[in-house]
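Chains as they are written, first to last, in this note's numbering: chain A, 235 to 348; chain B, 1391 to 1503.
FYI, nobody ran anything at the bench for these hints, they're computed from the structure. For every residue, glycine included, the Cβ atom is placed at its ideal position computed from N, Cα and C.
Heads up, simulated EDC-like pairs for lysine to aspartate or glutamate below, C-alpha to C-alpha not over 20 Å straight-line:
hint	chain 1	residue 1	chain 2	residue 2
1	A	335	B	1428
2	A	335	B	1463
3	A	340	B	1449
4	B	1399	B	1469
Which chain A residues stay away from chain B? Per the calculated CB distances, all over 10 Å, these:
hint	residue
5	253
6	254
7	290
8	304
9	310
10	318
11	348
Footprint (simulated), chain B over chain A, 3 or more residues, beta carbon under 8 Å:
hint	stretch
12	272-283
13	336-347
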Amino acid sequence: AQTVTQSQPEMSVQEAETVTLSCTYDTSESDYYLFWYKQPPSRQMILVIRQEAYKQQNATENRFSVNFQKAAKSFSLKISDSQLGDAAMYFCAYPRAGSEKLVFGKGMKLTVNP
Amino acid sequence: NAGVTQTPKFQVLKTGQSMTLQCAQDMNHNSMYWYRQDPGMGLRLIYYSASEGTTDKGEVPNGYNVSRLNKREFSLRLESAAPSQTSVYFCASSVYQAKNIQYFGAGTRLSVL
Chain A
235 AQTVTQSQPE MSVQEAETVT LSCTYDTSES DYYLFWYKQP PSRQMILVIR
285 QEAYKQQNAT ENRFSVNFQK AAKSFSLKIS DSQLGDAAMY FCAYPRAGSE
335 KLVFGKGMKL TVNP
Chain B
1391 NAGVTQTPKF QVLKTGQSMT LQCAQDMNHN SMYWYRQDPG MGLRLIYYSA
1441 SEGTTDKGEV PNGYNVSRLN KREFSLRLES AAPSQTSVYF CASSVYQAKN
1491 IQYFGAGTRL SVL
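From just these sequences and the hints, can you work out the full model?
Right under this line is the structure:
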C-alpha cells in the first residue's frame, strides 16, 4: 500500500528561525508529484509548494523550500525566517499511482513562538 | 474569485437524519473530490469525480452517496447520519489529474448527535 508518513506530530519554532518538517512516502512510480499543504486555524487548506519528482532541482516558494531526496523517498519542507502566520497544520501528499487520489500524511502541527 | 464554495459551514444532525453537503467550483475544473478530516487521521478521500458524469469511491465511501450534477457542482449526501460521521468535510477540485494542484473549499463541520 502506498503511504505517506509524517513522523513528528508536533513541532515548535521561534519566530525568525528555521524549521524543517519531514515527510517520507512509498511509491513504485518514477514520475510523480509531491505536495505540501498548510491548514491554519481558519481550516482552509492552502497549497504551500509542489515538487515534480523528475526534476532534480528542489522547489522553492519565497521562504518555503523543499529538500527532495528521491532515492530515500523523502520530501522535507524547510520554512525560513518563520513568522507567526506560519503556525498551522502541515500535510504532505502525493497522488496514488495511476489514479486521481491524493494520499495525505496525518499532518504535523507547527507552533511559532514570538 | 470564489474558487470552491461549500455549504453549509456548520451543521448539527441527529442520528438517522439525512442531509446533503453542497460544493461548487467556478474554475472550470474537471475533477472534484470529497474528503473527511478527523483528528490524527489527515484527510481521507470519500468519493471523487474525474469528470462530469463519473464518480468513484475513495478510501471511506460507506454511508455516503455523491452526485456530480454538472461540471461545477458535486454534492455529498448522508442518507442516515451516524455519530461516526462527525467530522470536517472538505470539497476540492483540480484541473484534471491528481498531479495537478487541488483547490479546497473552506470545509463543513458536521456533528451527529
